[in-house]
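Under mature numbering (1 follows the signal peptide of the UniProt record, and there is no 0), read the sequence shown as residues -19 to -1, 1 to 191, first letter to last.
Keep in mind that the hints were calculated from the coordinates and are not lab data.
Nothing here was measured: the structure is a model prediction, and the numbers come from that model.
Please note that a few of the clues may not be correct.
[What the hints assert, rightly or not] 30 angstroms max Cα-Cα, derived DSS-like pairs, lysine-lysine:
1) Lys86 with Lys98
2) Lys68 with Lys28
3) Lys175 with Lys132
4) Lys86 with Lys157
5) Lys139 with Lys116
6) Lys88 with Lys21
7) Lys35 with Lys21
8) Lys21 with Lys86
9) Lys157 with Lys88
[To be verified] Distance ranges between label pairs, derived from CB positions:
10) Glu119 with Ala65: 26 to 34 angstroms
11) Ala65 with Ser146: 50 to 58 angstroms
12) Glu27 with Lys88: 57 to 65 angstroms
13) Leu70 with Glu27: 25 to 33 angstroms
14) Arg122 with Thr31: 43 to 51 angstroms
15) Gln129 with Glu16: 44 to 52 angstroms
16) Leu(-3) with Glu27: 13 to 21 angstroms
17) Pro34 with Gln91: 25 to 33 angstroms
18) Lys116 with Ala(-1): 54 to 62 angstroms
The C-beta atom is built at its ideal place from N, Cα and C for all residues, glycine as well.
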Amino acid sequence: MKALINILILVAIAGSLQAQQENAAIRKGNKLFREGQYDKALPEYEKAATQNPKNPVTAYNMGNARFRRNEYTDAEKQYTEAAANSKDLAMQQKAWYNKGVALSKEKKLQESIDAYKMALRLNNADEDARVNLQKALEEQRKQQQAQQQQKPKEEQQKQKQQQKSNPRPNNLDKKKIEQYLKSLQQKEQEIQQKMQQNRSRAAGKPDKDW
């Protein structure tokens, strides 16, 4: 997915030594970031954060540096902090968008969809957010289809495993067989009784006088 990872330049009047130190650290961090030295830029942003932990610009830029270092979980947390502490809607929108990109890298599909939606609520003209949202929704649809197709196969496999591990005799079939055998025995007995009766009758009759 296309990422929008840009630094923000803090514009403020340095009214105190603490503010001056904060601004100096951010400027240095931004310079290093633009040069691609993300490992060196991050400590500068951290210095600025010690001076002013609630500065959303510092949090946002720290998120960008961590993103470039492939630290997506930490980057996502920084973007969340930036969006929460900023009163500027444009700043919030950028933080939500970048959070969506970081979540996508973490394979957190539903959360990335929610982040892109929030970014679009804040700026519905953001084409990058719209494209990434569409891609994420399409990927989610494919995953759901794959899960639905896989479910019957898994159920069949479970049933086969249960049958192998817990074989159960068919009691109904056994009963039918026993009843059938009993009926055969009864019929055989009846036939034998009739044969004996016929023999006894034949023996008691006188010979026919011709």
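Right, here's what the structure says about each hint:
{"no.": "1", "hint": "Lys86 with Lys98", "verdict": "holds, 17 angstroms"}
{"no.": "2", "hint": "Lys68 with Lys28", "verdict": "holds, 23 angstroms"}
{"no.": "3", "hint": "Lys175 with Lys132", "verdict": "violated, 63 angstroms"}
{"no.": "4", "hint": "Lys86 with Lys157", "verdict": "violated, 63 angstroms"}
{"no.": "5", "hint": "Lys139 with Lys116", "verdict": "violated, 34 angstroms"}
{"no.": "6", "hint": "Lys88 with Lys21", "verdict": "holds, 28 angstroms"}
{"no.": "7", "hint": "Lys35 with Lys21", "verdict": "holds, 22 angstroms"}
{"no.": "8", "hint": "Lys21 with Lys86", "verdict": "holds, 23 angstroms"}
{"no.": "9", "hint": "Lys157 with Lys88", "verdict": "violated, 57 angstroms"}
{"no.": "10", "hint": "Glu119 with Ala65: 26 to 34 angstroms", "verdict": "holds, 30 angstroms"}
{"no.": "11", "hint": "Ala65 with Ser146: 50 to 58 angstroms", "verdict": "holds, 52 angstroms"}
{"no.": "12", "hint": "Glu27 with Lys88: 57 to 65 angstroms", "verdict": "violated, 27 angstroms"}
{"no.": "13", "hint": "Leu70 with Glu27: 25 to 33 angstroms", "verdict": "holds, 27 angstroms"}
{"no.": "14", "hint": "Arg122 with Thr31: 43 to 51 angstroms", "verdict": "holds, 45 angstroms"}
{"no.": "15", "hint": "Gln129 with Glu16: 44 to 52 angstroms", "verdict": "holds, 49 angstroms"}
{"no.": "16", "hint": "Leu(-3) with Glu27: 13 to 21 angstroms", "verdict": "holds, 19 angstroms"}
{"no.": "17", "hint": "Pro34 with Gln91: 25 to 33 angstroms", "verdict": "holds, 30 angstroms"}
{"no.": "18", "hint": "Lys116 with Ala(-1): 54 to 62 angstroms", "verdict": "violated, 41 angstroms"}
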